[in-house]
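Colleague: Chain B: place on chain A using the hints.
Line by line, the protein sequences give chains A and B.
Final position of the first sequence in the UniProt record's numbering is 308; the numbers increase by one with none missing.
Final position of the second sequence in the UniProt record's numbering is 621; the numbers increase by one with none missing.
Bear in mind the hints are in silico, worked out from the structure with no lab data behind them.
Please note that a few of the clues may not be correct.
What the hints assert, rightly or not - The calculated lysine-lysine pairs, modelled on BS3-like cross-linking and capped at a C-alpha distance of 30 angstroms, are:
#1 A:K39 - A:K94
#2 B:K97 - A:K184
#3 B:K29 - A:K133
#4 A:K39 - A:K23
#5 B:K29 - A:K39
#6 B:K74 - A:K133
#7 B:K54 - A:K228
#8 A:K184 - B:K101
#9 A:K94 - A:K197
On a predicted model such as this, the values are computed, not experimentally measured, just so you know.
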Amino acid sequence: MASEHVLSSTSENISAASEENEKIAVYLINGKPKIFNAKDAATLREYYRMVGVLVGCLPRNPRQNVHLGLPVQLMPEELSVLLNKGYAKLLKEKPVGPEECEQRIRVMEQERKANFEAQQQLYREDRRQEMVKQMSHIMEGKKAKRQRLLQAAGKDTPAEEATATIKEEEVCLDKVSITPTAEKHMLQQLFTENPWKREMRNAEEDWTYPTSEAEKVRCAVFQDLWEKQYYLTSGQKFGGDFLAYPGDPSRFHSFYIVMCVGKDQPLPALDIISMGRLGSNVRKTVLLASLDSGGHAQYTSLQWTGMS
Amino acid sequence: MYSNRSESSEGSVIMSAILSAEELFRCRKRENLSVPQRGGAKDYEPDGSWLQDKRLEAFYEEHQSVLAEPRVEKSGSLVKGTWSSEMRLVNLEKTAKFWMKMGFADQQRNWLHPEEALFLMEVNCLDLRHQGLSLSLQEACDLLLHPSCDISEEEYQVYAHLRRLGFIVIRHAGKLDVTSYEKKIGLDKHARKKTKKNSKSKTTDCAQTTKCDEGNQTNISTDTQRECLRQAVCDREPVSGKQTEQGARNGSETLLNKVTGSKGSNQPAQNKTHSPLLDIEAVHNASESTVSEENAENRSKADEFTAQQNSRQGSETKIETTVETTRDTESGEPPVKKLRVENQNSKKVRSASSVRMPSLQDPWSSAIKQSLLHHSSLGLSSWDFSITPFPDMGGTETVSLPIPPSHLLPPNTGVDEDYEDVCMFDVEEYRQQQQLQSHRSVLNQEDEYGHLKSLDFSYAEWYQKHSKPINAKNWREWKAELRQRENSFIAESPVAHLWRGEVTPLVQPTDATSTAALLNKLSVIQPFKGPFPENPSPDAVRICFDVYLPNTSFKKSSPGLPDHRVCVVRGDHPPDVMEVHATTAHLADDVPLHWAVVNCGEISFFVFDDLDLPVNPSSVG
Chain A
1 MASEHVLSST SENISAASEE NEKIAVYLIN GKPKIFNAKD AATLREYYRM
51 VGVLVGCLPR NPRQNVHLGL PVQLMPEELS VLLNKGYAKL LKEKPVGPEE
101 CEQRIRVMEQ ERKANFEAQQ QLYREDRRQE MVKQMSHIME GKKAKRQRLL
151 QAAGKDTPAE EATATIKEEE VCLDKVSITP TAEKHMLQQL FTENPWKREM
201 RNAEEDWTYP TSEAEKVRCA VFQDLWEKQY YLTSGQKFGG DFLAYPGDPS
251 RFHSFYIVMC VGKDQPLPAL DIISMGRLGS NVRKTVLLAS LDSGGHAQYT
301 SLQWTGMS
Chain B
1 MYSNRSESSE GSVIMSAILS AEELFRCRKR ENLSVPQRGG AKDYEPDGSW
51 LQDKRLEAFY EEHQSVLAEP RVEKSGSLVK GTWSSEMRLV NLEKTAKFWM
101 KMGFADQQRN WLHPEEALFL MEVNCLDLRH QGLSLSLQEA CDLLLHPSCD
151 ISEEEYQVYA HLRRLGFIVI RHAGKLDVTS YEKKIGLDKH ARKKTKKNSK
201 SKTTDCAQTT KCDEGNQTNI STDTQRECLR QAVCDREPVS GKQTEQGARN
251 GSETLLNKVT GSKGSNQPAQ NKTHSPLLDI EAVHNASEST VSEENAENRS
301 KADEFTAQQN SRQGSETKIE TTVETTRDTE SGEPPVKKLR VENQNSKKVR
351 SASSVRMPSL QDPWSSAIKQ SLLHHSSLGL SSWDFSITPF PDMGGTETVS
401 LPIPPSHLLP PNTGVDEDYE DVCMFDVEEY RQQQQLQSHR SVLNQEDEYG
451 HLKSLDFSYA EWYQKHSKPI NAKNWREWKA ELRQRENSFI AESPVAHLWR
501 GEVTPLVQPT DATSTAALLN KLSVIQPFKG PFPENPSPDA VRICFDVYLP
551 NTSFKKSSPG LPDHRVCVVR GDHPPDVMEV HATTAHLADD VPLHWAVVNC
601 GEISFFVFDD LDLPVNPSSV G
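Same shape as in the complex, but just chain A (with noise of 0.2 angstroms):
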């Protein structure tokens, strides 16, 4: 296969990761594993070529299902691979004392309070550089007006007159004072990712995913084909265990649907049809795959044929 170039860069770039010993961040939220840092999701997707399950609102435009956003929910696989490579660290939050949560109010007030003053002194620059760019119109408005003033009151003065005087009210910009912003226009950050500074509590002793049989194989199996370079997504769309794309599933097509099944469980005919009719109905091969006695992963492929 020609994905040696992949393999040696992947390689090459976890190593990196690890080097730098940040691990990925995972947070155990209600049994569910998350990621809500953008830069580990970009991590986890271009180092470990996992690709998770974006499930919140994208930012920019929250109010549609095409691309969605943080936070990426894990596969259990995926996490069990990433605990058992050291790649990742399971996390929960622990509840907040009331000195903290005292300091933290103060903080926040303090640097909302800064935050505000020098958004009100953007706001003001912004306003006086509108201000330099209209002021072509500003100065036909103004010189309307005086015209207008004038000859209601009666003076016929020409215009070039008019015109002089306020070219001196033009030079003091600076004195043109500009109305405060209203703090209903100052900006405010909203949080995806808990912004604090904190102690947590390692969650790994919570995390017990392979328990039954049936879940072993599963995790076993993704574990093998992961290592073996490829992107696993899960196969709920084709009614497999997984789906198993040659490289990021954004960019090429998936070559196998998974199905797991116990090495001794029976396998009946009519399931086996099913399986062919659904491969050959979406052009992939259905994987068999189970566990050999030893605990390795063993696959078997499913191919319609007519003979004649």
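Modeller: Below, chain B without anything else, positioned relative to chain A:
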């Protein structure tokens, strides 16, 4: 693009991802709101080419930059809310546009369900605080989708998915007793008003289970429950404990029990999660038993009535009757009378000066009064028909009706002295009208379905057309005549001898009303209508959401029948076929029930359609 800044006066506390004012200001105007394209044309397999690498790199770059974009919103357009861990709800300070479609209010407080609050956070509408501190999305997920809240991770994902698509999604409101006809004419919108009260009572349930021992709050909540109870019984008068006890009925009894039970404020926590469902059931029971409703209504009327009578006894010529009373009492009478009396009145009504005072010996009022007294002592039936006089309309041309008591008439009208003439009811004319009306309605129906009816043959219709109308004086005669005719018809048939002996064919010619009826009679195909439990057990599949199409006239207080219902199922816990059937059959209206299967964040929707297999008539012969 967005640098991390960790310096601060107490810098040790804030970790990262805090944007400076400049960066925030830059986000003020988002130029690019487009959604990145997904993929495009995919390649077959990686070939290590430069082009492929470049494409992948570009994808990664865009992907990461889009994900890393911070959420920034003007503080004026954010609504502030606080998480109440006792209620497991979000309390809003003030509401915004979204309030049209979500949340609910009790007393002076506005509440959001956890899923609603979390979604609003995701779409930059809500600044949620807990212990005085603004929460990040991560903390909010942890807090709001905690197992102790009544919404699971999967359910939230389905909720958010549907909301992102623009649907209006509210929590499932239970079974609605709305017929398709009622839905067509929009009556269902009114029927739903009760469920709003239920969401209120849910919060009060919560309030009580939290054992907030502030006497004030408990008072409020009992009041709301009373309110709810009152609504359910449909009583116009304030409900006193006595009155409700009198009405020994299912619906109000359970509700009452709830009130008294929860007064102890010691409801088990387990009860809490299911109570909204129970509540709805109870209310439905109450509203279903129309007899009991009438009962309560009439009892109040009886009081009203006797009070009026009393006041009248002592006093003078001025008669005060409300239109309402007239209408109500009349509705209890046979419709025939009502129609005619009104008609005649409109002809012969005179000015109020010529009012004739009704005496208490007046047969109408005394009878009504008697029956009311009778019923209120028993508390069972609203009308005793053995006492109420009904006119005998059979075989006569006119019926003389007793004069209606003047308090039943519209105000400022009266019946003239020669009421004998007024209360003559022309039976013949009435009959003619009835016939005309029924004829007209039949004609209309035929117009509408004529093209369909010509297509299928029905023996019953054919028989009706080809036989003369039966003349009979009463029901028994009519039946006898009909039987005779049927027999004679069989005798005419060339195979009539088949039905003469001991052993006869399974079907009669008269059974052949349609193919389906015949097959049904022969029990060839029995549609599966299994016995389903009326109240599914708590761990059975729960319908989560009612979904409405985007609609500007949507009212959350009376949303009417939903357009879809959604049941959330985890990929590893599929329901069995019986559960699927039971859930569908329990609701028994034609709202499609979607099954959302959630597996590690991926959602797929399914619908199970109940299918009665059509019979191929040619094969049956």
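Colleague: Against this structure, judge whether each hint is valid.
Modeller: Do the hints match the structure? See the list:
1. A:K39 - A:K94: Satisfied, since the Cα-Cα distance of roughly 23 angstroms is no more than 30 angstroms.
2. B:K97 - A:K184: Holds: B:K97 and A:K184 sit about 17 angstroms apart, inside 30 angstroms.
3. B:K29 - A:K133: holds (18 angstroms)
4. A:K39 - A:K23: Between A:K39 and A:K23 the Cα gap is close to 11 angstroms, so the pair holds against 30 angstroms.
5. B:K29 - A:K39: holds (24 angstroms)
6. B:K74 - A:K133: The hint holds at about 25 angstroms.
7. B:K54 - A:K228: Distance ~23 angstroms between B:K54 and A:K228 Cα, so the pair holds.
8. A:K184 - B:K101: holds (24 angstroms)
9. A:K94 - A:K197: It holds: about 12 angstroms lies between the C-alpha atoms, which stays within 30 angstroms.
In terms of the numbered hints stated before, the structure departs from none.
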